[in-house]
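Engineer: Next come the chains, spelled out residue by residue.
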Amino acid sequence: MLLYILRRLVLLLPVLLGLTLLLFIVARILPGDPVGLAAGPNATPELIAQMKRELGLDQPLPVQYWDYLTGLVSGDWGMSVFTRRPVFADIVEYLPATIELVFASLFIAVVIGIPLGLLTAVYKNGALDYATRTVALGGIAMPRFFLGLLLQMAFAAWLDVLPLSGRYPLIESPPDHVTGLYTIDAVIAGDWYAFQIALSHLALPAIAMALSPLATIMRMMRASTIEVLQQDYVMTERALGLSNRLILFKYVLKNAMTSTLTVIGLYVSWLLGGTVLVETVFDWPGLGLYATQAILTQDFMPVIGVTLIIAIIYLVTMLVVDLLYGVFNPKVRYA
Amino acid sequence: MTLLDIRNLNLAMKSYEGETQILHGIDLKIERGEIWGMVGETGSGKSLTGLSVSRLVPSPPGRYVAGSIKFRGKDVLQATDREMRGLRGRHIGMIFQDPTTNLNPAFRIGTQLVDVALHAGHADPSVLGLNPGASRGDLKKAARRAAVEMLEKVGIAKAAERIHDYPHQFSGGMRQRALIAMAMIGKPDLLIADEPTTALDVSVQAQILRLIHDLVTERNIGVLLITHNLGVVAQICSHVAVMYRGRILEAGKVDDVLKRPSHSYTQALLHSVPTAHTKRGELKGLNGLMPETAA
Ligand SMILES: Nc1ncnc2c1ncn2[C@@H]1O[C@H](COP(=O)(O)OP(=O)(O)O)[C@@H](O)[C@H]1O
Ligand SMILES: [Mg+2]
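Those sequence lines, one after another, are chains A and B.
Numbered by my numbering, the letters in the first sequence go through residues 1 to 335 in order.
Numbered by my numbering, the letters in the second sequence go through residues 1 to 295 in order.
Derived from the structure by calculation, the hints contain no laboratory data.
Yeah, the Cβ is synthetic: ideal placement off N, Cα and C, and Gly gets one too.
Treat each hint with caution, since some may be false.
Label-pair distances were calculated between CB atoms; the ranges are [claimed, not checked]:
hint : chain 1 : residue 1 : chain 2 : residue 2 : range
1    : B       : Ala160    : A       : Leu323    : 26 to 32 Å
2    : A       : Met1      : B       : Gly33     : 49 to 55 Å
3    : A       : Val26     : B       : Thr100    : 48 to 54 Å
4    : A       : Asp232    : B       : Asp75     : 26 to 32 Å
5    : A       : Asp67     : B       : Glu161    : 54 to 60 Å
6    : A       : Leu323    : B       : Thr100    : 24 to 30 Å
7    : A       : Gly126    : B       : Arg63     : 17 to 23 Å
8    : B       : Asp75     : A       : Val111    : 40 to 46 Å
9    : A       : Pro143    : B       : Ala160    : 53 to 59 Å
10   : B       : Thr2      : A       : Thr262    : 49 to 55 Å
11   : A       : Asp232    : B       : Gly33     : 26 to 32 Å
Okay, chain A solo, but in the shape it has when bound (with noise of 0.2 Å):
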């Protein structure tokens, strides 16, 4: 197993170089002069060069590559000319406030969307499961920057009840740094009030992202569920006596979660995609804000840093996911 998770690292490696190489190569194809907008529009020609020395871009592309490559490894992820701070700096400053927005997204969609998909496969074309397919279909097919954009002006411009954006009031002061994940911290440290706050400004982002894995986490789940009760040993279970309750929640559950759990870890990538957009719209300060202000100002090495992180993250989580396989079926082997 150990070996199993160590061999599946490795085989990453090749995967995230031949990925650098891409994002270098399309970051140099692309038009722009993001030093030139850095400088502004009255900079001399001595001074952009300077620059351009200074940020290494004056040396022959294969070098540049060689150095980044390097720097990678080394935490050097180049610099953002647009922040002029290193950008693995402002990655691990952003990173947090997207993980917390994705992570509550998904909590969300998994949280409600399993057992509602599993309810509405036991009362199949009940009034909840026609109630529910309606709001999928909408869901599913409502872009996200949309819906958050009527979810501001439901909660936050008309019923005023909710924070219009922002992570935290500027005013205050969040909650001890530990995870950076602000609802996290704030019950590391037992500040309830910091928690409703933070709390408070996630819930309308999170509800906006979390809409459209919800109703496709509920619709896999019902297909799997409605399958699985079909099978023999529900019939064994329920011919020797064993509760609805306890056949549903637990056995049809963990053989109905199989598939259904393709479709979380293929969410994560989704949702990460997806805050560039949300994050827009709510002002959250995570990754997605900060690529959209470095592909506006042509800032390429926040970009590049950027993607890379989303795919590590997206790697990870989907041999968290070849490895939960394993939990819910125990024919799964790792070889």
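Got chain A sorted already, so can you dock chain B with the ligands onto it with the hints?
Structural biologist: Chain B with the ligands alone, transformed into the frame defined by chain A:
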């Protein structure tokens, strides 16, 4: 009191074409200590009769048009869902045909056994050798002990270790043994076994039948053994009911029915069983006797 008394059972099934009557007035009485074989070709209604006893026929499409199924004097067709659950696993044990599909692949054999034992123990702690009002912890401990003992009893070597196995780590024969253990762990008064050896290798069929026979004889319980193999009936049953197109054509002691079959269908059925003395080409088919309800 009669253990199981089925009277005039009429079951209809709804389908797209309308309602078809499947069981036409089944009468069957099973006492403790009797092993009833139920024979008949595919589609004659054997399984639905067996499932009806535990009221496991889904409804819809199933509908009981008339009749009663008295188990220890109480009609299961009139019982509440709660009462039914109290009977299942505790008073009525069931074994189905295919051991590969009837065990839950995602859970350890022990987990599945313990849950059935706990269910039976909650209803009646004496099943697990406990006094009424036993604590949850006691029940759990006793259920775990009972699971190992039962697995040993059905002939699984090193039961204390194998209890942690998943079904796919068991062979077909062992899986059916595990399912027999699950059906018997609640100390039922009646065991319904629906073709328990049909899906097994010929080499293990006899062992499994012998196991069922020994267990039920030791506990002196009633058995309904559904099979389409008259050889099986002759070997381990005390009584036999011959089913054909949703009716019981004849029923009685094995010796009477098999030696002096009164019905031409039973005679034909007997002739279709190969024996050591059957010559090649002598086997008779049952032409023209396929039930109309069969798919
Ligand atoms: N769910 C169902 N819906 C409609 N008809 C059914 C259903 N289950 C069984 N039947 C019909 O009932 C008849 C008896 O089935 P069954 O009891 O399974 O027969 P056996 O076990 O003797 O082979 C068959 O003709 C079958 O087609
Ligand atoms: Mg059958």
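Engineer: Taking the hints in turn, state whether each one holds.
Structural biologist: Going down the list of hints, with the structure as the test:
Distance hint for Ala160 (chain B) and Leu323 (chain A): a CB-CB separation of about 29 Å, consistent with the stated range 26 to 32 Å. The supplied range of 49 to 55 Å is met by Met1 (chain A) and Gly33 (chain B), whose beta-carbon atoms lie about 52 Å from each other. Between Val26 (chain A) and Thr100 (chain B) the beta carbon distance is about 52 Å. The supplied range of 48 to 54 Å therefore holds. Look at Asp232 (chain A) against Asp75 (chain B): about 28 Å separates their beta carbons, and that is inside 26 to 32 Å.
Here the CB-CB span from Asp67 (chain A) to Glu161 (chain B) is close to 58 Å, well matched to the stated 54 to 60 Å. The hinted range of 24 to 30 Å is satisfied by Leu323 (chain A) and Thr100 (chain B), whose Cβ atoms lie roughly 26 Å apart. The hinted range of 17 to 23 Å is satisfied by Gly126 (chain A) and Arg63 (chain B), whose Cβ atoms lie roughly 21 Å apart. About 44 Å separates the C-beta atoms of Asp75 (chain B) and Val111 (chain A), a value consistent with the hinted range of 40 to 46 Å.
Our hint of 53 to 59 Å for Pro143 (chain A) and Ala160 (chain B) holds, since their Cβ atoms are close to 58 Å apart. Remark: the range hint 49 to 55 Å for Thr2 (chain B) to Thr262 (chain A) is upheld by a beta-carbon distance near 53 Å. At about 30 Å, the beta-carbon gap between Asp232 (chain A) and Gly33 (chain B) stays in the expected band of 26 to 32 Å.
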